[in-house]
Amino acid sequence: MRLFDALFKDAPLATRGEITPKLGFALTVLLAIVWLIPFLWMGVATLRPASDGINTMAELMPSLKPTLDNIRDAWEIGDFPRYTLNTTIICTGILLVQFVTITLAGFAFARLAFAGKTLIFYLFLMQLMLVPVLLIVPNLSLVAQLGLYDTLAGVMMPFFASAFGTFLMRQAFEAIPTELEDAALIDGASLFQRIRHIYVPLSMPSFSAFAIISVTSHWNDFLWPLMVINSPDKRPLTVGLSVFTKTAEGTQAWGTIAAGTLMVIAPLLITFLIFQKRFISSFVTSGIK
Amino acid sequence: MSLAEPTALPVTTSVSPRLHILKRFTTGFKASLPAYLLLLPSLVFLALFTYGAMGRVLIDALYQRATPKAPVRFVGLDNIGAVLADSAFTGAVVNNLIYAVGTAIPSIALALLFALALSRTNAVTSVLRAALFLPVLIPMVAASALFLFIFLPNVGLLDYYIGRLLPVLPNWLGDSDIALYAIMIITIWKNAGYYMLFFLAGLQAVPEDVMEAAHLDGAGPFQRLRHIILPELKPTFLFVTVIATLNAVTQVDHVFVLTQGGPSNATNLVLFYIYQQAVEHYDIGKASAATLLTLAALMGLTALSFRTMANREGGA
Numbered sequence: 265m266r267l268f269d270a271l272f273k274d275a276p277l278a279t280r281g282e283i284t285p286k287l288g289f290a291l292t293v294l295l296a297i298v299w300l301i302p303f304l305w306m307g308v309a310t311l312r313p314a315s316d317g318i319n320t321m322a323e324l325m326p327s328l329k330p331t332l333d334n335i336r337d338a339w340e341i342g343d344f345p346r347y348t349l350n351t352t353i354i355c356t357g358i359l360l361v362q363f364v365t366i367t368l369a370g371f372a373f374a375r376l377a378f379a380g381k382t383l384i385f386y387l388f389l390m391q392l393m394l395v396p397v398l399l400i401v402p403n404l405s406l407v408a409q410l411g412l413y414d415t416l417a418g419v420m421m422p423f424f425a426s427a428f429g430t431f432l433m434r435q436a437f438e439a440i441p442t443e444l445e446d447a448a449l450i451d452g453a454s455l456f457q458r459i460r461h462i463y464v465p466l467s468m469p470s471f472s473a474f475a476i477i478s479v480t481s482h483w484n485d486f487l488w489p490l491m492v493i494n495s496p497d498k499r500p501l502t503v504g505l506s507v508f509t510k511t512a513e514g515t516q517a518w519g520t521i522a523a524g525t526l527m528v529i530a531p532l533l534i535t536f537l538i539f540q541k542r543f544i545s546s547f548v549t550s551g552i553k
Numbered sequence: 562m563s564l565a566e567p568t569a570l571p572v573t574t575s576v577s578p579r580l581h582i583l584k585r586f587t588t589g590f591k592a593s594l595p596a597y598l599l600l601l602p603s604l605v606f607l608a609l610f611t612y613g614a615m616g617r618v619l620i621d622a623l624y625q626r627a628t629p630k631a632p633v634r635f636v637g638l639d640n641i642g643a644v645l646a647d648s649a650f651t652g653a654v655v656n657n658l659i660y661a662v663g664t665a666i667p668s669i670a671l672a673l674l675f676a677l678a679l680s681r682t683n684a685v686t687s688v689l690r691a692a693l694f695l696p697v698l699i700p701m702v703a704a705s706a707l708f709l710f711i712f713l714p715n716v717g718l719l720d721y722y723i724g725r726l727l728p729v730l731p732n733w734l735g736d737s738d739i740a741l742y743a744i745m746i747i748t749i750w751k752n753a754g755y756y757m758l759f760f761l762a763g764l765q766a767v768p769e770d771v772m773e774a775a776h777l778d779g780a781g782p783f784q785r786l787r788h789i790i791l792p793e794l795k796p797t798f799l800f801v802t803v804i805a806t807l808n809a810v811t812q813v814d815h816v817f818v819l820t821q822g823g824p825s826n827a828t829n830l831v832l833f834y835i836y837q838q839a840v841e842h843y844d845i846g847k848a849s850a851a852t853l854l855t856l857a858a859l860m861g862l863t864a865l866s867f868r869t870m871a872n873r874e875g876g877a
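Listed in order, the protein sequences are those of chains D and H.
Position one of the first sequence corresponds to residue 265 (the working numbering), numbered consecutively onward.
Position one of the second sequence corresponds to residue 562 (the working numbering), numbered consecutively onward.
Do not take every clue at face value.
Listed next, with one range per pair, are the computed distances between beta-carbon atoms [what the hints assert, rightly or not]: (1) F456(D) <-> L865(H): 40 to 50 Å; (2) L865(H) <-> V293(D): 32 to 42 Å; (3) R346(D) <-> L601(H): 27 to 37 Å.
Don't read these hints as lab results, they were simulated from the structure.
For glycine and all other residues, C-beta sits at the position ideal for the given N, C-alpha and C.
Produce the complete structure using the sequences and hints provided.
Have a look at this one:
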């Protein structure tokens with residue numbers, strides 16, 4: 265009870281004595297523990313030696329003789345360094361091109377008057393509704409026609425334009441006082457110079473929010489790269505992990521699967537734990553991406 | 562139309578209205594040119610992969626090949642008819658509806674509980690929020706790899722700890738009556754923490770003094786929830802419901818890894834059906850027809866939700 269009192273000490277005085285909120289809190293704590301169990305199992309199973317046998321595989325108590333064999337096996341059987349490299353190339357490639365397209369388009373919507381602005385705005389809005397994942401079939405034919413089947417560029421291309429990013433940058437640019445731009449205009453700065461030296465540096469928080477959403481969502485993409493990529497050495501992490509899981513499942517190598525999964529999600533988890541606040545506020549703005 | 566034509570007539574004193582419009586259009590276009598150039602890179606990719614893809618779905622849905630190597634021929638609405646008559650498709654639609662309702666309601670309810678319990682910020686709630694948010698970050702494929710073992714018959718995590726309490730051990734992913742619900746558990750686990758964020762943001766708008774005043778008037782926690790908090794969160798509910806519905810249609814990676822739509826199509830969802838038609842059966846006509854139907858349903862739903870949102874804003 266002492267602990268509860270401490271946790272509720274900043275609640276409004278009048279409601280501090282109520283039981284229901286405390287029950288809700290206790291239930292949430294219980295569920296948060298349940299939510300963590302898959303991660304806990306992943307960690308414990310990764311370090312469990314195969315000699316412990318299949319019957320103790322589900323045991324959540326860590327083994328007394330921890331081993332790194334599973335990590336080594338996963339590293340050797342699965343081609344994880346290669347997959348990590350491919351995923352990194354895909355995410356970086358998409359992000360770099362997106363930075364250019366969303367900056368330019370966001371600036372046009374924020375600061376320029378032009379004929380057909382409303383119409384073009386709705387054209388962008390349509391991308392948010394036509395979820396790109398659903399268009400995998402026509403996009404695969406297009407990628408094949410462009411000669412990009414089984415290439416990383418083919419995986420990246422459909423995501424180069426981002427309506428979500430454009431709207432995010434439009435919002436950021438609109439918040440920048442026009443006086444700053446006017447001053448640069450008097451000094452004879454060109455359009456690109458003004459974007460490059462005034463708008464971009466002042467919008468870094470929006471860029472980083474967008475980068476977080478873009479990288480996590482494409483790090484996790486599965487169905488689209490699965491369709492585009494055919495060669496084993498071009499697989500991203502998700503596709504690699506699914507193939508690896510299929511193989512290891514056949515031999516009941518659950519420790520190796522846990523180790524492989526750990527390797528795939530570790531980079532994201534570590535980044536999240538470092539930049540927790542940023543991640544959470546970015547995801548709140550992401551709504552529909 | 563020649564631009565030089567009117568100037569060749571010396572009698573014209575005033576500019577012809579047609580030229581006037583043209584001139585306005587060209588000057589308008591000239592003034593707009595920098596904006597168009599800035600929009601061009603985005604519009605090229607949108608044209609290729611969004612609008613073009615839409616058009617392509619429409620056209621592909623009207624054509625069919627007799628054999629994979631035969632030339633395409635126009636078949637009109639035959640593909641759509643074939644998809645609607647395919648019990649695998651209608652089954653996938655029914656599954657997807659059950660899946661959408663069965664994942665949206667529990668995950669939204671849990672998200673609300675989490676947000677209410679963790680609305681105040683301190684070290685403990687921050688840790689709990691992070692714990693509940695972790696599944697959101699990881700790829701669905703990785704979540705599936707973990708749940709593959711959790712649902713494993715006999716030696717898996719669930720059977721090992723909970724199975725002893727049950728008279729008969731269920732085959733979570735192998736029984737066609739249970740598999741869809743097993744799949745739903747993964748989705749709820751993965752998405753509840755995401756929706757929690759929106760409710761946490763929404764709760765910021767609930768004024769604390771109103772809550773306190775209500776309490777002084779004798780309103781209990783449930784009455785305050787019902788009469789103050791929930792009305793305030795209405796827009797959040799609508800927004801989260803739209804996202805949950807979109808997720809129910811677009812997230813099928815776990816079906817691919819865990820069940821491949823089986824056993825006997827019990828976990829087949831619409832997007833996985835589309836994937837199967839395109840990649841496994843090379844039937845682009847049918848895949849496109851199914852895509853078209855799904856897009857139409859989703860767009861109808863989005864339009865409806867936008868209208869509700871607009872009405873609400875206009876009314877309030």
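Going down the list of hints, with the structure as the test:
Taken as a hint, the range 40 to 50 Å holds for the pair F456(D) and L865(H), whose Cβ atoms sit roughly 42 Å apart. About 38 Å separates the C-beta atoms of L865(H) and V293(D), a value consistent with the hinted range of 32 to 42 Å. Checked against the given bound of 27 to 37 Å, the beta carbons of R346(D) and L601(H), roughly 36 Å apart, stay inside it.
Violated hints are absent here; each numbered hint is respected by the structure.
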